[in-house]
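> Based on the hints, put chain B in the right spot on chain A.
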Amino acid sequence: MNRPLPSHEHHEAPRPMTKDEERDFRNGLVEMVPVLRAFARSLCGKRDLADDLAQETLAKALQARDKFRPGTNLKAWLFVILRNEFYSNHRRAKTVANYAAAEGLHSESMEPEQHASLDLSDLMRAFNQLPFEQKEALILTAGEFSYDEAAAICGCAVGTIKSRVSRARKRLESLVEGKDGVLPSRSEQPEDPTDAFFKFGRSVTEKAHG
Amino acid sequence: MAEKMREGGVMTAGEPNAGQAGTRGHKPQTHRAQQKAITQGLRRFFDSVASEPVPDEFMAILQKIDGKKDADA
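For the record, the sequence lines run as chains A and B.
Numbers in our numbering are just positions in the first sequence, counted from 1, shifted up by 49.
Numbers in our numbering are just positions in the second sequence, counted from 1, shifted up by 14.
I should point out that these hints are in silico values taken from the structure, not numbers from a laboratory.
These figures come from a predicted structure and were not determined experimentally.
For every residue, glycine included, the Cβ atom is placed at its ideal position computed from N, Cα and C.
Please note that the accuracy of each hint is not assured.
[Said to hold, decoys possible] Chain A stretches covered by chain B per the calculated footprint, using a threshold of three residues with CB under 8 Å from any CB of chain B:
hint, region
1, 75-81
2, 87-96
3, 103-115
[Claimed, not checked] Reference excerpt, derived from the structure (chain B facing chain A, CB under 10 Å, subset only):
hint, residue
4, Q48
5, Q49
6, A51
7, T53
8, R57
9, F59
10, F60
11, D61
12, P69
13, E71
14, F72
15, M73
16, I75
17, K78
[Said to hold, decoys possible] Which residues of chain A face chain B? A few of them, derived with a C-beta cut under 10 Å, are:
hint, residue
18, A175
19, L187
20, R218
So that you can see chain A by itself, here it is in the shape it has in the complex:
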């Protein structure tokens, strides 16, 4: 069940872009490719899966370009598309549910290109243990977006983002500190992402009705 794009929430009907708007939009997409790749890699772990996801996002964004309102936050708009793609792919392809555990978890794909220290790879290994909704809350608020913006992107309340961030940080802290056994070994499976998806769906629904 895909969440509608943000522009759907506005009352203005979509209209075709002017030539200038189209050019700006395209330039904007090009500019956003690096952060889309980074967001996708944060969620998926694996480089090729993440790049597929980022490419699908780009293709979807181009198809839906008339729904983008020029002058609004293109990055947030794209991130909404990316996470919709991510969550709906997960529902479709349950076979990929454990990919992060199988080989991506500690493979070179999760390591930063020029990675600075061992600590960072420990951190990212711990990060991979988190449920997806906590991963995205952490990544979105680690520098790219405010809590309000992250909430808008995830379609949930600001308080939900805050509590996810706080739970995620607490969990990361304990994982990173307890290297002697608390951080799961490479062979251990993280939480089934499909479960995380359904939990995510529930928590959004609860918030919406609560």
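Coordinates of chain B only, in the frame set by chain A:
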């Protein structure tokens, strides 16, 4: 064994943080520093991916779709 578990359950119910790893024995400063390090580490990861050269496939998508549009027009 069962008794011990029950006891643990009571403690947890009375005190939400009891028994939670990561909160025990933390000085607030250490905690803050650690949290900051976590955020900075994630940021570093994100930035390092974002600074990788963009694979050609991405530009190909943009061009392909542009081409189709021009053909339609």
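> Determine for every hint whether it applies to the structure shown.
Comparing the hints with the structure gives:
no.: 1; hint: 75-81; result: holds (count 3)
no.: 2; hint: 87-96; result: holds (count 4)
no.: 3; hint: 103-115; result: holds (count 6)
no.: 4; hint: Q48; result: holds (5 Å)
no.: 5; hint: Q49; result: holds (5 Å)
no.: 6; hint: A51; result: holds (8 Å)
no.: 7; hint: T53; result: holds (5 Å)
no.: 8; hint: R57; result: holds (5 Å)
no.: 9; hint: F59; result: holds (5 Å)
no.: 10; hint: F60; result: holds (5 Å)
no.: 11; hint: D61; result: holds (7 Å)
no.: 12; hint: P69; result: holds (6 Å)
no.: 13; hint: E71; result: holds (6 Å)
no.: 14; hint: F72; result: holds (5 Å)
no.: 15; hint: M73; result: holds (8 Å)
no.: 16; hint: I75; result: holds (5 Å)
no.: 17; hint: K78; result: holds (9 Å)
no.: 18; hint: A175; result: holds (9 Å)
no.: 19; hint: L187; result: holds (6 Å)
no.: 20; hint: R218; result: holds (5 Å)
Hint compliance for this structure: no hint is broken.
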